[in-house]
Structures are given as structure tokens and as C-alpha cells.
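With the hints as extra help, turn the sequences into a complete structure.
Sequence lines, in order, name chains A and B. Counting from 21, one number per residue, gives the positions in the first sequence under our numbering. Counting from 224, one number per residue, gives the positions in the second sequence under our numbering.
Since the hints were derived computationally from the structure, they do not count as laboratory data. Hints should not be assumed to be uniformly reliable.
Unchecked claim - In the DSS-like style, the derived pairs of lysine-lysine whose C-alpha atoms are separated by at most 27 angstroms in a straight line are: (1) A:LYS79 x A:LYS28; (2) A:LYS325 x A:LYS378; (3) A:LYS230 x A:LYS294; (4) A:LYS344 x B:LYS275; (5) A:LYS273 x A:LYS195; (6) A:LYS375 x A:LYS112; (7) A:LYS28 x A:LYS129; (8) A:LYS171 x A:LYS200; (9) B:LYS298 x B:LYS683; (10) B:LYS623 x B:LYS275; (11) A:LYS171 x B:LYS386; (12) A:LYS249 x B:LYS388; (13) B:LYS658 x B:LYS298; (14) B:LYS543 x B:LYS275; (15) A:LYS230 x A:LYS129; (16) A:LYS249 x A:LYS200; (17) B:LYS470 x B:LYS538; (18) A:LYS175 x A:LYS200; (19) A:LYS230 x A:LYS128; (20) A:LYS48 x A:LYS171; (21) B:LYS298 x A:LYS344; (22) B:LYS388 x A:LYS175; (23) A:LYS147 x A:LYS48; (24) A:LYS325 x B:LYS298; (25) B:LYS386 x A:LYS175; (26) B:LYS298 x A:LYS249; (27) A:LYS249 x B:LYS386.
Computed from a predicted model, the values in this text were never measured in an experiment.
Each chain is listed here by its residues.
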Amino acid sequence: MSTERKVKYPCFASIARDQQTIDAILAKGHNALFVEQETPVLLPANEKLNLRDTATIDKLCNFDVVELNSDTTFYIAFSYSVGDNALFITNKCNSSCIMCPNSDYERKKTSDRSPERILELISYFPKDAPYLIITGGEPTIIGYKFIDILKQVDKHFPETTQLTILTNGRSLAIKDFADKLLDVCPERTCFAIPIHGGCAEDHDAITQAKGSFDQTVVGVKRLLSCGFKVEIRIVVTGLNYQHMTDIADFIIKNFPGVSHVHIMAAEMRGSAVKNRDRVWVDYADCFSASREAIQMLMQNGFDVKLFNFPLCKVDRAYWPICVKSITDYKIQYYDTCSGCSVQQICGGVFGTTLKVTKMELTPIAEETHA
Amino acid sequence: MLNYFNFMDFEDDVLITNDFGKHCFISRSDFDLLVHDQIKAGHPKYDELIDKSFIFDGHPEVFIFDNTTAMRAGKSYLFQSTSLFIFVVTNYCNAACLYCQAQDALSKRYGSMTTDTARKAVDIALSSPAYNMDFEFQGGEPLLNYNTIRFIVEYTEQQAPLKHKNVSFSLVSNLILLTDEMLAFFKEHNVSISTSLDGDACVHNTNRPLAGGGPTFDCVTAQFRRVRDFGVPIGAIETTTRFTLGKHKELIDTYISLNAMSVFIRPLTPLGFARGNWEKIGYTPEEFLQFYQDCLEYILQKNLEGVPIEESHAKLFLRKILLGEGVNYMELRSPCGAGIGQMAIYHDGRVFTCDEGRMLAEMGNDAFQLGTVEDTYDALVDNPVCKAACASSLLESMPKCCDCAYHPYCGTCPVVNFAMDGDIFANAPGNYRCKMYMGMLNVIFHILHKEDDSIKIFYKWLECD
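Right, dumping it as C-alpha cells:
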């Protein structure tokens, strides 16, 4: 006899494709979504769900985690196959960057998951996840509740799970908050923090938050002095591409303990699109403007990588530092890319960017002589 | 498209090798096609050449991307810091081996390591970032300073967990002074042992007499059995002198009679007494290589008869040749292990780049000293001597070595180069070590080229790890 009860949406569920997995999931007191039949079934409630996006469901594997909404849409909270191991805390942010891929509306939307629901979600994540990215908006904006979440993350995941927190670091300028956070933060955590300019004037003009640069710098220095791994991200756009060497110079002089600098091409979505006139510069020009900065950073011992740049926009000599990084479902290539001889190692372009900018991509020809 | 490769004529074929340590025997006519990038799908050698990354299809950048991990694997020893620490606990010795590398007739600084020096040395070693470490006790005869060995073991066992280190111990000893108490201690603390056994009684007693004269063969073989029966891991190594040449059967049979799992056939290192005594005990590279070939062939014959004895030098080479492993044997890596892979701490607290570096110091030349136990690990590695040793042992940057087909498997020693030729950079391909290693690799590749049952034996050796 099946136990039928009204399911309270939105709810979390782990994907199951066989009985063994169902049993393992239910044993933890979790919901299982059995997808190996025509209509997915939510267990233990035994409710059939007419989910619309069956194509995506087909890609998910055992123990992936979804959040099911009452309107038959769902959100992938964790997936081995689709590859976005992110713990999303909130859309809200204490800055308002001109090129933010989130829109003003998204940032101000109030329907965030409560911290309690976030803690519940953490319990669903598989413990053998190779990495977890804690992100937002600005995850620390939820204040001291973020510390509880971090405690739970540390408890749930073993040493082998790499932890990265994406933050603007501003809240770490508040001593009490920083002390309490860093006290519970697992030693292996990496903080990925964006710097948009080489001085307060340039940086704050982009974040549109006065004082944000100084706060971020204090935050980074505090992290470094406590021995945490810090990665600096530079999003290159029309707003700052002419200041790349200033930014590199600042990093070299002020953040010698930083291990990585990731230079990112912007996703043209949200505020970035709204402010396209100021934000959009072809990726090739963004790269050219960054070349000297890359050299400076490398010569000073920083590990530099390029993210979200298609290879045809980057000098061949720099291809080894290009990372194929855009999440699968966000990548797109042009039709002309199918003739490109290096497509399999290229990260492609954000689908959103292609739609918005109509940027040209050039396939790389085959070589006949090495 | 062609990937970079080196080549040499080998018997009636051409031997090609590449940066991944892969090798291939190819006929002269196919080699000609290869050089002109004419080997395409359908050619009988195509699959093998693709598989071993000598040729590839598609864009070079894709090939590079796909093979980054393989490149890293072959050089994996570069991604860890110093992990072998040699503690020369004394240079007193109860023997007077003809080729002693640990002493020179001119050496007057006799001494034993104090516990104070030992403590500082262990502290330095445990501050190397590597997790897995080996502490090796050497001398003179280290058992003459057993107290310090015991101190080092006990102090390390106390400190290592606090520093998150995993340390294993080994002892290089002639075993003559081994007592029950020592043996029990070594068993309890998992200390493995390496001893020298140079051949049958005649050869061994000639090479390795007691100080003041007298045989050691009976004692060493008895101790070998005793240690092994007590359950302590033990292996034996051989050092070749003029007296050993021609007596390969007696040597191997002696090892087999002891049920030894392996024999490590080694040429003389021209340092210490060996250098002074060269006319009496030395030989040309060609003479050694004949001996080595005889040994290896006899060992393989024995293996085919069911006696599973391995030759350790060949095994090191084979791990690189057949398995592509980034073997961390300090003398066969590029750059060598000086400072960055190993350090030798002398009884008086001086720290050297390696075992050979301290031997050179015993000959009166401390060119390879990094500092003392009063220095930090960082300061020792930062010493320009360390960089010089690395720079002069990097085969990829040396004019002849970079083009040699054996370069993925070989190594050079800046200390030996300096002692013999007055230059830390090897005068390859003519120099002593080069002739030795090339010759040994020729013997091994000759066997690989024959493609008979010996290859099965080689693979069997590689499985046993």
C-alpha cells in the first residue's frame, strides 16, 4: 500500500534510476525522483510528475539533486553530469556592478530560499562531490546565518571536496563577522574575489558602491593573513579593459599571497546587457588589452588563467592558459565552429552573449605542418 | 603530423623515443617515411605510432591539451619537494672496502653525529613540504652510532604525526655489528635494510675486507639470512670492481643461494678511495658493460628456469621504458635530485645536496654544501648551489643529451662530472657516466628489440610492486 500525502512544493529530491539508489535515498529520509519510466515519480509520496523539460531530466544521473516547483518546472541544484556544483545562497548583493550577469530585478527579488531550506539542501548533496561552489549574488549578505551554513558545509563534505566561495569580500571588512566566519571556515576553502580596478575610483565606479574597493582590499588581506587560499577574478569589459595593467600592478604590490588570477570574459546577460554600450567590447580586444597584464602577473609568480574566451579571440601562445569552463548548458558555438579544428578544446561562448552581441567567431584552420 | 622525437641507429633498425618516454623500433625505410610525415592510416606502423604519440592527427594544440597529463606524469617527481634525507651518522668504519666512497685517504675529520645535531636535522627534514619521506642511515658504518639512529627514529615517530608526515626508515650497513637488540628495534620500527654483497667469498672478501684485514663474506651472508628470517625487509647491492669482472655466474649464484629477491649491479663511482685506487680496482666502461650484459643475460636465463631474481638497475630503467613512470630515483631524473629531491646531512651538521656531494666533501671539496643544520629548509634549498646542480643536470637543456634517444631514461651527476672533469656540466657523450648509462640502456634495448621470452620476464618484474 503506498503512502499518499500532499507534497509541499518547492521540495528537493535526489534523482534515482534504479531500485538500489531509491533505497539509499529513502533511507536518508530524503525524497527520490525515479526517472526511469515515462512519467517521473516522486517518492515516498508516490506522486507522478509531468515535468516539462524531459530532455534535461534524461541527462541527470543517480544522486543528482533537483528542486521541484509546483508548476512542473525544476531547478538543478547539483549534478555530476551537467556539472554545476553550486550552492546558491541568495540573489541579493551589496554591490550593483554595471556588468553583473544578473538583472536589477533578479537582485532585488525576494523569493530566496530560507537558511533552513539551504541547510536541508546541503544534506541532499552527495558526499563524494569533487567540488562545491558557494555563490549568489553576494552569499555573505545574509549575515551571520551564512556562518551556520558554512558550518554545515564543513560538517557534511569530507576533506576531498574542494570548496570555493564566490564573494566580493566586502563583508570581511567587518571584524566581528570576519572573525566568526574564518573561525568556522574549513582551511581548504578558496575565496574567489573580483577586483575591477587598480584604485578605489575605478573599482567603485564599476560596483557603483562607494567604499567597496577599500572594503574588498581589507577582506582580501585578512584572508591572506589567516592563510586562506585567495583567487582574484578580473572581469574584462569595456568598463575596465584599458586599466588591466593598473589592476595587475595593484595585485602584484598588494596581494603577494594570492595564488591565482582568473581573467574572465563577461557574460552578456542582465545588467551587462542593459548597459551594453559601456560594457561590450569584442573579446579579442579584451584579450589584447590584457596581454601585458597577463605577462606582468606571470612574471611575478601568479598563476593566470583565461575564462570564457573562445580560442579564436586569443593569441595562440596563450591557449595553454585558456580554461574550458562554461557550464555545459550555457555553452554555445556558431555553426561555423563545426569547421574549427580546435573546437574540442575550446570553451565556446555564452549562449546569451552570442544572441546579444552577434560577435563573429572564426574557425581555426587545420595545420598541415607542425 | 609529427611530434618531436629523438632517434638512433639500433642494430638493423632505428630506435625512436619521445618526451613521453615511449619508444619504437622502426625499419630504415619506414623511418624515412616517418621523417617526411608520410605514415598515414593504413600503413602497418600507423596504429603503433599514433598510440605512442609519435604522430598525431588534428590540430597540434588539441594534441598538446590531450597529452598534458601524460607529460606531467613522466615528471611527477618535480611536483614534490625533498623527500629523501640521508643521515650520515658517523664516518668511522669497521671495514676498509677498496672502493670506499665514504672516505678518502686524506680525510682526517672523523666523528659521529650528536643527538643535538640529529634533532636539528630531523626538524629540517620534517619542514620539507612533502608528505611521504625516507630517512636513510649511512656512514662509515652507521651501526657504530646506533644510539643516534635510535634517537632519530624515536624523535621522528614523535614529531612526524604532529607535522602530518609519513616517514619510512632504511639503513645501509655491512651488518657485522648487528646485535639482537638492534635487530628487534629495527623490526619494531619498520626499518628496512640494504647491505653490500659483491659476489662469492673470493670477490667479496677482496673488495670488502675488515679494517686491518680479514674476511667478511661469511658474516654478511649469515647476517643477511638472520635479518630476513627475523622478518625485517632486506636487500643487497653489488659494487663492481676489476675483481668481479668475468665472475657474473658466481655473483648471481651467491645471491640465489641466499634466496635474494634482487641484485643491484652497480659500476664504481669514481669518488673517494675508488678514485685513488683506480688502477688497481677500476676498469673501462666497455669492460663493465660486458660484465653487465653477462649478468643480465644470466639472470634472465635463471628467471626462465623459474628463479625469480630481479636486476634492480634494469628494473629502474624498465619502469621508465615500459611503464612511463616518473621514477624518483635521484640519479636518473632530469633535473637530478640534488637538494630538491634529497639532502645528505653529515655527522658534523653540514648539509649537502646529495650523497655524492658529501663524498666530494670527504675528498676535501665542499662545493656541494648547502649549509648546516643551523639553517632552515628554505635557506638550504635557496642556496645557489642547489640551483646550479639542477641547472647542470637538466638533460633537456644540454646540447648532446637533449638529442639523445635515451634522454627520457637517463641522468647525469654534476658532482661526478665536477670531480672527474672539473665541470658540473657533463662532457657528454664521451664521459664516464654517459658511456655507462648508454651502454646499460643498449643492453636493455637489445633485449627489448629481440622480442623473445625475456620481455615477459621484464613485465613480470614490473608487476611485483
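Which numbered conditions among the earlier hints are violated in the structure presented, ordered from lowest to highest? Hint check: nothing fails, all pass.
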